[in-house]
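Since the structure of chain A is already known, use the hints to place chain B on it.
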Amino acid sequence: MKLSRNMLHWRDLLFELVSRDLKVRYQRSAIGLGWSLMKPLAQLAIFATVFSSILPLDIKNYTTFVFTGVLVWAWFSSSLTSAAVSIVGSREMVRRPGFPVRLLPALTILSQGVHFILALPLLFVSSWIQIGPPPISALALPALILAQFVFTLAICNILASLHVFFRDIEHLVGITMMLGFYVTPVFYRPIDANQDYWFLTAFNPMAWILEGYRAIFVDHTWPPLWIYGYVTMVSVPLLLFGHWYFDRVSNRFVDEL
Amino acid sequence: MRQGAIVVKDLGKRYDARDGRPTTLKGFVLSRNRGHRHSFWGLRHITFSVPRGRAVGVVGLNGAGKSTLLRLIGGVGKPDEGSISVHGRIGALLDIGVGLTDDLTGRENVFVLGVIAGMLRSEIAAQFDAIVAFAELEEFIDAPVRTYSSGMRMRLAFAVAVHTDPEVLLIDEVLAVGDKAFQQKCFNRVADIRASGCTIFLVSHDVSQIEDLCDDVLLLSNGRMVAYGPLRETLALYNSAVDAKIAGTEQVAPPQFRQDDGMLAFGVNRYGSGDMRLHSVEFRTEQGESFDELQAGQMLRLRFSYEGKETIENPIALVGIYADDDTCVFETCSQLGECTLTMPAGTIEIDLWRMDLAPGTYHVTLGLFSSDWSEVYDYHAEVYPLKIGGQITLKGYLNPPTGWRMVDDAEPGLAAPGDS
Numbered sequence: 001m002k003l004s005r006n007m008l009h010w011r012d013l014l015f016e017l018v019s020r021d022l023k024v025r026y027q028r029s030a031i032g033l034g035w036s037l038m039k040p041l042a043q044l045a046i047f048a049t050v051f052s053s054i055l056p057l058d059i060k061n062y063t064t065f066v067f068t069g070v071l072v073w074a075w076f077s078s079s080l081t082s083a084a085v086s087i088v089g090s091r092e093m094v095r096r097p098g099f100p101v102r103l104l105p106a107l108t109i110l111s112q113g114v115h116f117i118l119a120l121p122l123l124f125v126s127s128w129i130q131i132g133p134p135p136i137s138a139l140a141l142p143a144l145i146l147a148q149f150v151f152t153l154a155i156c157n158i159l160a161s162l163h164v165f166f167r168d169i170e171h172l173v174g175i176t177m178m179l180g181f182y183v184t185p186v187f188y189r190p191i192d193a194n195q196d197y198w199f200l201t202a203f204n205p206m207a208w209i210l211e212g213y214r215a216i217f218v219d220h221t222w223p224p225l226w227i228y229g230y231v232t233m234v235s236v237p238l239l240l241f242g243h244w245y246f247d248r249v250s251n252r253f254v255d256e257l
Numbered sequence: 001m002r003q004g005a006i007v008v009k010d011l012g013k014r015y016d017a018r019d020g021r022p023t024t025l026k027g028f029v030l031s032r033n034r035g036h037r038h039s040f041w042g043l044r045h046i047t048f049s050v051p052r053g054r055a056v057g058v059v060g061l062n063g064a065g066k067s068t069l070l071r072l073i074g075g076v077g078k079p080d081e082g083s084i085s086v087h088g089r090i091g092a093l094l095d096i097g098v099g100l101t102d103d104l105t106g107r108e109n110v111f112v113l114g115v116i117a118g119m120l121r122s123e124i125a126a127q128f129d130a131i132v133a134f135a136e137l138e139e140f141i142d143a144p145v146r147t148y149s150s151g152m153r154m155r156l157a158f159a160v161a162v163h164t165d166p167e168v169l170l171i172d173e174v175l176a177v178g179d180k181a182f183q184q185k186c187f188n189r190v191a192d193i194r195a196s197g198c199t200i201f202l203v204s205h206d207v208s209q210i211e212d213l214c215d216d217v218l219l220l221s222n223g224r225m226v227a228y229g230p231l232r233e234t235l236a237l238y239n240s241a242v243d244a245k246i247a248g249t250e251q252v253a254p255p256q257f258r259q260d261d262g263m264l265a266f267g268v269n270r271y272g273s274g275d276m277r278l279h280s281v282e283f284r285t286e287q288g289e290s291f292d293e294l295q296a297g298q299m300l301r302l303r304f305s306y307e308g309k310e311t312i313e314n315p316i317a318l319v320g321i322y323a324d325d326d327t328c329v330f331e332t333c334s335q336l337g338e339c340t341l342t343m344p345a346g347t348i349e350i351d352l353w354r355m356d357l358a359p360g361t362y363h364v365t366l367g368l369f370s371s372d373w374s375e376v377y378d379y380h381a382e383v384y385p386l387k388i389g390g391q392i393t394l395k396g397y398l399n400p401p402t403g404w405r406m407v408d409d410a411e412p413g414l415a416a417p418g419d420s
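Protein chains in written order, with full-length UniProt numbering: chain A, 1 to 257; chain B, 1 to 420.
If we strip away everything but chain A, and leave its shape as in the complex, we get (with noise of 0.2 Å):
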């Protein structure tokens, strides 16, 4: 009775906050949530021409290859970025007696969810344009975007409740979103195993989550399953240790905002 209370409160909380979030951030402005588009647009513009056009990368179908790996780092990085302040961000409700502050990388990530969310129409226009009808496989576009915020919100976490007491964290997700962007096959193909850097590609969880995009949006198959499997490996540690962490530290929270 109390926990289904508590669950209850938490997804009319995740809501209301989300949506506040949205709300303020586009009621004033002429296009709103289209706002939310252009920066992937213009980037997906780029790349369209740069390396199909001037230094062709001879990728097949490299407009939706490219729209899909930009539009799934940007909802990674953002998530990134904005959670690491979104505990230091959040003073007053941090010191509201009942809040769970435990709530606020989440929303974070929901927040930065709903651009990406909004975008995927566009993807699949895209994918329809260059391959064809959207695919059987995109049923299992929930159980990736899903994966995606489990490795997402594990990570975001952690950062959150370390940049209360270390404000550098800020500073070095900004730079290390940079090198991810170059170092995640983002917008070039992932690195075969007998290639230089191979383990770029093969360590990496985000270039595991694209390759399961891809395989919807380009390839029009089912994404392998041991992505799943990988992601979980890697994110319920990193989920156990955040929450231990986060207990560890979160009473001394409201001393150091």
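Keep in mind the hints are simulated off the structure, nothing from the lab.
Mimicking EDC-like on lysine to aspartate or glutamate, the simulated pairs with C-alpha atoms at most 16 Å apart in a straight line are:
#1 395(B) - 325(B)
#2 23(A) - 142(B)
#3 23(A) - 103(B)
Some chain A residues well away from chain B (every beta-carbon gap over 10 Å; in silico):
#4 59
#5 60
#6 136
#7 137
#8 204
Derived DEER-like restraints, expressed as beta-carbon distance ranges:
#9 88(B) - 240(A): 28 to 36 Å
#10 32(A) - 147(B): 15 to 23 Å
#11 179(A) - 149(B): 44 to 52 Å
#12 230(B) - 32(A): 57 to 65 Å
#13 129(B) - 200(A): 53 to 61 Å
#14 15(A) - 89(B): 15 to 23 Å
It should be emphasised that the depicted structure is a prediction, and the values quoted were computed from it without experimental measurement. The beta-carbon is built from N, C-alpha and C at its ideal position, and this holds for glycine as well.
Chain B only, in chain A's frame:
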């Protein structure tokens, strides 16, 4: 079982004194092995419990730890020592207005504030009309909050906060919102919430509010609990602390007490205006002999002398006995004992006929108050140790003479209660 709504046991909260710079990774790495940081206790050895439905006011000078205590009870942060347990849903009236979002309408803000305060969306929807009516914002509820005046913002935030239907309500200095009429409305609302059986924990500098709303008062001083007890007597102690502070800032010497012995220190365990003075405290047995340890069940004859200004009329003497964990096990006063103190000086003898207390060390508190309890003249807080010996008990403070025996089943003894 009657259980306290708030139970605080030996609470301590420590703060690390730092030089105010934000932490950095560099600082963390470099200062790893240097034990420079010294810490101080923001709160320590706080033990009390608030029964369900009781209203407690917390008073103390700035920096006494009132807000820290309130937030700890609210589950914000964790104590470094001791424990806190709160039974029931917590509602909070604090930092009113900080959670408002300027670009959203009043309506949207009601929902956001409501879920942050712990309500479900369905509950907010059910209460929505009542909230808007309370805030008197019916006409403006769909306008963005950035167009509101500061009074309107506070009214909106307060209206949401008082409609959360809490079982334990924490209030921090917020009953001064809006104009006088709205303040009265807020105050009435809190009184209603209290009347509905909600436990209230109120931090305020406004003594009149505490007098109107609270049953008990908890007095904090420099993070220590000085007193926790009935309204008027504890407030008198607080007033004396305020007076001493004012005297201190005005460069007038605070009331000077001659040091009777090493046991008393002003501001630590001695409070009061000094207009009367309490001295020569003696504990005797029934035979008039002094003792190291009093056997449980024996008589305690307590004697002390006082002196003071002749203008004081009908002062009240107070006697309290406190257990080792600061729980008051007994308290009485000369008013109840129908004893009038004569001025300017005198000696009182109090016979406590049976000290049916569990073995252990207790401390006796003595105090002199004005006839309306508004002023404390001299107060010795848990100064005089009292050792009780005798029959051992397992738990608790009470220790009446006890007899055990087996009873025949056939004996027509006590009918079970409720049978008639």
